[in-house]
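**Student:** Now for the letters of each chain:
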Amino acid sequence: MNVGLPGTGIGGLFYIIMALMMPFHEAVLTIRGQSNWTRWRKVGVMQGIAFGIIGSLWGTVWLLTNLIPTDLVESLTGSTSFSASSLTRLGVPPAMLGLLALPTLLVVLLAIEGMRLQNNHRRPT
Amino acid sequence: MNTMALPGTHPVTQKLTSNLTIIVPAFNEVEIIADTIKSLQFQTMPAAEIIVVDDCSTDGTGDIARAYGVTVVRPPTNTGSKAGAQNYALELVTTNLTMAIDADTILAPDAIEILLRALDDPEVVAACGSVLPRHVHTLWERGRYIEYLLAFTFYKPIQEYYEKPLISSGCFSVYRTEVLRNNQGWNRRTMAEDMDLTWTFYQAGHKVRFVPEAVCYPIEPHSFPFMRRQLKRWSHGFIQNVQLHWRGILNVPCLRSLVGVAMWDAVVASLAYLFLIPLLAILTGNPWFLLGYLIDIPAVIIPVVYAAIARRELGQALTSLPSFFILRLVNSIFILEALWTEMVLHRQLKVYEKGH
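Here the protein sequences line up with chains S and G, keeping their order. Just so it is clear: in the first sequence, position 90 is 90 by this note's numbering, and no numbers are missing. In short: position in the second sequence from 1, add 1000, done, that's this note's numbering.
Only chain S is shown next, with the shape it has when bound in the complex:
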């Protein structure tokens, strides 16, 4: 996620959400007269990258679920228990795969907020 640190899991999701929140944040700044064209351009670039990531993830899942023949999966693995094709048969929409990390991210963010509240509560006045 950051240079020298492994992981793009919930970290990647966190940054995508932060990127998607940018236009709303920028709109507020625009109303306050604190924005300009250069800032909106940067927001646009980040939106493009964020939607590009979402689109490519979606495309990858679609590819796995629709283009890889089940027969091939079975012959390679001897089982379809964890193949992408079996997910489709079970009625799991591809988008759900991308959303699995969301509850985890929420728990982590809530835990951080909890630690902050506890820390401030303990702090001597």
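Worth double-checking, as some hints may not be accurate.
[To be verified] Pairs of lysine to any residue residues, derived as SDA-like cross-links and limited to a Cα-Cα distance of at most 20 Å, are as follows:
id, chain 1, residue 1, chain 2, residue 2
1, S, Lys42, G, Ala1310
2, S, Lys42, G, Glu1160
3, S, Lys42, G, Arg1311
4, G, Lys1038, G, His1135
5, G, Lys1207, S, Val107
6, S, Lys42, G, Tyr1306
7, S, Lys42, G, Ile1114
8, G, Lys1207, G, Gly1248
9, S, Lys42, G, Pro1212
10, G, Lys1207, S, Leu29
11, S, Lys42, G, Val1211
12, S, Lys42, G, Glu1163
13, S, Lys42, G, Tyr1161
14, G, Lys1207, S, His25
15, S, Lys42, G, Val1305
16, S, Lys42, G, Arg1117
17, S, Lys42, G, Ala1118
18, S, Lys42, G, Glu1213
19, S, Lys42, S, Leu67
20, S, Lys42, G, Ile1309
21, G, Lys1207, S, Gln34
22, G, Lys1038, G, Tyr1162
23, S, Lys42, G, Tyr1162
24, G, Lys1207, S, Arg39
25, S, Lys42, S, Ala27
26, G, Lys1207, G, Arg1176
Hints listed in this document are in silico derivations from the structure and should not be mistaken for laboratory results.
Starting from the known structure of chain S, fit chain G onto it as the hints suggest.
**Tutor:** Relative to chain S, chain G alone:
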């Protein structure tokens, strides 16, 4: 970069002056110090003074630096770390701004001019630029190249947008001298003095900026022994800073989430890469689990391709992509080692080993 003058001549682009001193800590850098100094002298906005700290080199680094007309200081004994060498020179700085540049790092010709604009805002006390490897040949350099493209194209601009760059990179950052001195310079209590300084600034209510257009080119570790030293230092530095600052940064909006998510992701991803994925593949006899190593290719490739196209380096980026996944696996080993040593065994890494 290749249109630089010989020692003793004056750069033709020296039209502007600035209230800036550049500190270059150097220990046995005879092969590369000249390129670093030349890139500083040929800036569109050159510094008022360049101080090379010859940290008791034994290879004539100081003599080479002197030949280029910069100030060279030599402490009585080796300071033992980059932070120590930088602090030694900080006492000599007379300008309002101080820049830290690694001895193996060259700058784009307009890097300083662009970076200094961030300090027009009086609330900003530090600013850093983008980083890209100077050489992209070996597996390790290629892996790091992709890491940088990804981080400086997607993650860091988002951190900057929310006014909380996670770190003002030590290889190329500028600071307000007074604030730096009030902080007693670069602290040596962790292996990542730049992260320590950045988080200290945030807790004091200061602003730090990331300016992507200001670009520097360090020499990255080209082999595993050198990469090992750097990753060990960075991993331990990150864990040490989390241990040191966690209470303080809980009260810094956005930063607390950035650090918390980074910590979680680093630990969980490392456990998944090193244990969960291979164990699942072995225990179930299902090789499809190994796709877990590559499942996030789409999330990596989009920012990387965007940056590579802009830099006209698409071929280099695509051929370097596999190296990123290998480096990430190696990163996992070091972050878990650092976590175990620092947090469980309470054995703090204190010896600073150079990355090259």
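**Student:** For each hint, tell me whether it holds in the structure or not.
**Tutor:** Hints, one by one, checked against the model:
Proposed proximity of lysine 42 of chain S and alanine 1310 of chain G is supported: the alpha carbons are some 15 Å apart, at most 20 Å. Taking the CA atoms of lysine 42 of chain S and glutamate 1160 of chain G, the gap is near 11 Å; set against the 20 Å cutoff, the hint holds. With a CA separation close to 17 Å, the supplied pair lysine 42 of chain S and arginine 1311 of chain G stays within the 20 Å bound. Taking the CA atoms of lysine 1038 of chain G and histidine 1135 of chain G, the gap is about 18 Å. The hint holds against a cut of 20 Å.
Taking the CA atoms of lysine 1207 of chain G and valine 107 of chain S, the gap is near 29 Å; set against the 20 Å cutoff, the hint is violated. Annotation: proposed proximity of lysine 42 of chain S to tyrosine 1306 of chain G holds, straight-line Cα distance about 14 Å (limit 20 Å). Between lysine 42 of chain S and isoleucine 1114 of chain G the alpha-carbon distance is near 17 Å, which keeps this suggested pair within the 20 Å criterion. Annotation: proposed proximity of lysine 1207 of chain G to glycine 1248 of chain G holds, straight-line Cα distance about 16 Å (limit 20 Å).
Restraint check: the Cα-Cα separation between lysine 42 of chain S and proline 1212 of chain G comes to about 11 Å, which is no more than 20 Å; the hinted pair holds. Taking the CA atoms of lysine 1207 of chain G and leucine 29 of chain S, the gap is about 18 Å. The hint holds against a cut of 20 Å. The straight-line distance between the Cα atoms of lysine 42 of chain S and valine 1211 of chain G is roughly 12 Å, inside the 20 Å bound, and the hint therefore holds. About 14 Å separates the Cα atoms of lysine 42 of chain S and glutamate 1163 of chain G, which keeps this hinted pair within 20 Å; it holds.
For the hint linking lysine 42 of chain S to tyrosine 1161 of chain G, the alpha-carbon distance of about 9 Å falls within 20 Å, and the restraint holds. At most 20 Å may separate the alpha-carbon atoms for a hinted pair to count; lysine 1207 of chain G and histidine 25 of chain S meet this at roughly 19 Å. At most 20 Å may separate the alpha-carbon atoms for a hinted pair to count; lysine 42 of chain S and valine 1305 of chain G meet this at roughly 17 Å. Simply put, lysine 42 of chain S and arginine 1117 of chain G have alpha-carbon atoms about 17 Å apart, close enough for the 20 Å limit, and the pair holds.
For the hint linking lysine 42 of chain S to alanine 1118 of chain G, the alpha-carbon distance of about 16 Å falls within 20 Å, and the restraint holds. Our distance criterion of 20 Å between C-alpha atoms is met by lysine 42 of chain S and glutamate 1213 of chain G, whose separation comes to about 12 Å. Of the supplied pair hints, the one linking lysine 42 of chain S and leucine 67 of chain S is violated, its CA atoms being roughly 36 Å apart against a limit of 20 Å. Annotation: proposed proximity of lysine 42 of chain S to isoleucine 1309 of chain G holds, straight-line Cα distance about 17 Å (limit 20 Å).
Our distance criterion of 20 Å between C-alpha atoms is met by lysine 1207 of chain G and glutamine 34 of chain S, whose separation comes to about 17 Å. As the CA atoms of lysine 1038 of chain G and tyrosine 1162 of chain G are separated by approximately 35 Å, the hinted pair breaks the 20 Å bound. Taken as a hint, the lysine 42 of chain S and tyrosine 1162 of chain G pair is honoured in the structure, with Cα atoms around 12 Å apart against an allowance of 20 Å. A distance of roughly 18 Å separates the Cα atoms of lysine 1207 of chain G and arginine 39 of chain S; the hinted pair therefore holds under the 20 Å criterion.
In summary, the hint linking lysine 42 of chain S to alanine 27 of chain S is supported, as the alpha carbons are separated by about 13 Å, within the 20 Å threshold. Using a Cα cut-off of 20 Å, the hinted pair lysine 1207 of chain G and arginine 1176 of chain G holds, with the two alpha carbons roughly 11 Å apart.
This entry does not satisfy hints 5, 19 and 22, going by the numbered hints stated previously.
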